[in-house]
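Colleague: Chains as they are written, first to last, in our numbering: chain A, 1 to 249; chain B, 1 to 80.
Just so you know, the hints here were simulated from the structure itself, not pulled from any lab data.
Remember, predicted model here, so these are calculated numbers, not experimental data.
Ideal Cβ placement from N, Cα and C applies to all residues, glycine included.
Just to be clear, a hint being listed does not mean it is correct.
Residues of chain B placed beyond 12 Å of chain A at every Cβ, according to the derived structure [to be verified]:
| no. | residue |
| --- | --- |
| 1 | Phe-6 |
| 2 | Thr-14 |
| 3 | Glu-15 |
| 4 | Ser-32 |
| 5 | Leu-34 |
| 6 | Gly-35 |
| 7 | Lys-37 |
| 8 | Pro-38 |
| 9 | Trp-39 |
Here are the simulated distance ranges between beta carbons [as the list claims (entries may be wrong)]:
| no. | chain 1 | residue 1 | chain 2 | residue 2 | range |
| --- | --- | --- | --- | --- | --- |
| 10 | B | Ala-63 | A | Gly-201 | 54 to 62 Å |
| 11 | B | Gly-9 | A | Val-209 | 47 to 55 Å |
| 12 | B | Gly-61 | A | Pro-4 | 33 to 41 Å |
| 13 | A | Val-227 | B | Arg-58 | 21 to 29 Å |
| 14 | A | Asn-12 | B | Ser-4 | 34 to 42 Å |
| 15 | B | Arg-58 | A | Leu-141 | 37 to 45 Å |
| 16 | A | Thr-195 | B | Val-43 | 22 to 30 Å |
Residues from chain B that keep clear of chain A, each with C-beta distances beyond 12 Å, as calculated [to be verified]:
| no. | residue |
| --- | --- |
| 17 | Phe-10 |
| 18 | Asp-31 |
| 19 | Thr-36 |
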Amino acid sequence: MEDPIHQFQIENLFTIGHIGPYEIAFTNSAAFMLATVLVICALLLLFTRKDGLVPGRMQSLAELSYEFMAKTVRDSAGTEGMKFFPFIFSLFMFILVSNLLGSVPYGFTISSHIIITVAMALFVFLTVIFYGFYKNGPRFLKLFVPSGIPIYILPLVSAIEVLSFFSRPVSHSVRLFANMLAGHITMKVFASFITMLGAIGLVGWFGAVLPFGLIVALTGLEILVAVLQAYVFAILTCIYLNDALHPGH
Amino acid sequence: MDSSAFARGFRLSTELIGGVIVGGGLGWLADSWLGTKPWAFIVLLMLGFVGGVLNVMRSAGLAPPAGQAGQEQQEKTDRD
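Construct all of the structure, not just a fragment, from the sequences and the given hints.
Modeller: Here you go:
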């Protein structure tokens, strides 16, 4: 059976240099990150250059993605949230395009590595903390002190609120990572059923039709998941930033 | 906001697991720093579990967001 984990293997393409004992290499993951950024730049810069009043196909794709995210940010983080729009839009486009590139055969899915999603989730988490204290000062701590709680159970409730706050980057990052990992492993496992059944002869060929049909359906589902998870990551970022913008209302 | 039931279920389960992992992890760290094995781990694991349940209820829309008053409190301040 084909190893279903092999697709997540990090390979060094070439070495850039060394920092201490550590090798800094340009990996296949880095190559796909670069490709993702190039695709986004191509979509947003090249195709909007003509700046037609009646947008072409690619230009309307760029405009649609902008307007969709702008509406999402305004709805869930308010108008003040729009100062974070470049940040959220970059995250959304990066995850979306990298997930879609990962769905291409022989592609590498960047977000199937937890280190990538943790880095993004921690960046959002630290942004919320720093901006929350910068904008609200100590009032930011009101997030952990719900109003209308009797004083004698307040320490317990605050402790729970703090832990709930600190568990955010975990669920934020694990959700994207696990979805991409599980989906891609499922696809590889079903795809290997086709070759295994095909190897046993004529009966196997008819049997192989079943996993083949499933693969077609799973590929459609994977594309849906790729878009959905990018959206979920972005909207959760908005919800968390909303706490930094208006703690305790 | 999630369209499929699977995505919704997955979202809720990661909220709970996140709370337990963070609570247990912080407790374990506190124990190894303070030398209070195993008390901080036990207490923080349970608090983390409660925090995880709170996160699940929040993302399911059953509890008000952080820093906001509960329902009865909200109604009282609305009347005032």
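Colleague: None of the hints should be skipped; say for each whether it holds.
Modeller: Evaluated hints:
| no. | hint | in the structure |
| --- | --- | --- |
| 1 | Phe-6 | 9 Å, violated |
| 2 | Thr-14 | 4 Å, violated |
| 3 | Glu-15 | 5 Å, violated |
| 4 | Ser-32 | 18 Å, holds |
| 5 | Leu-34 | 16 Å, holds |
| 6 | Gly-35 | 21 Å, holds |
| 7 | Lys-37 | 20 Å, holds |
| 8 | Pro-38 | 18 Å, holds |
| 9 | Trp-39 | 14 Å, holds |
| 10 | B:Ala-63 with A:Gly-201: 54 to 62 Å | 59 Å, holds |
| 11 | B:Gly-9 with A:Val-209: 47 to 55 Å | 30 Å, violated |
| 12 | B:Gly-61 with A:Pro-4: 33 to 41 Å | 36 Å, holds |
| 13 | A:Val-227 with B:Arg-58: 21 to 29 Å | 24 Å, holds |
| 14 | A:Asn-12 with B:Ser-4: 34 to 42 Å | 37 Å, holds |
| 15 | B:Arg-58 with A:Leu-141: 37 to 45 Å | 19 Å, violated |
| 16 | A:Thr-195 with B:Val-43: 22 to 30 Å | 53 Å, violated |
| 17 | Phe-10 | 7 Å, violated |
| 18 | Asp-31 | 16 Å, holds |
| 19 | Thr-36 | 16 Å, holds |
In terms of the numbered hints stated before, the structure departs from hints 1, 2, 3, 11, 15, 16 and 17, listed from lowest to highest.
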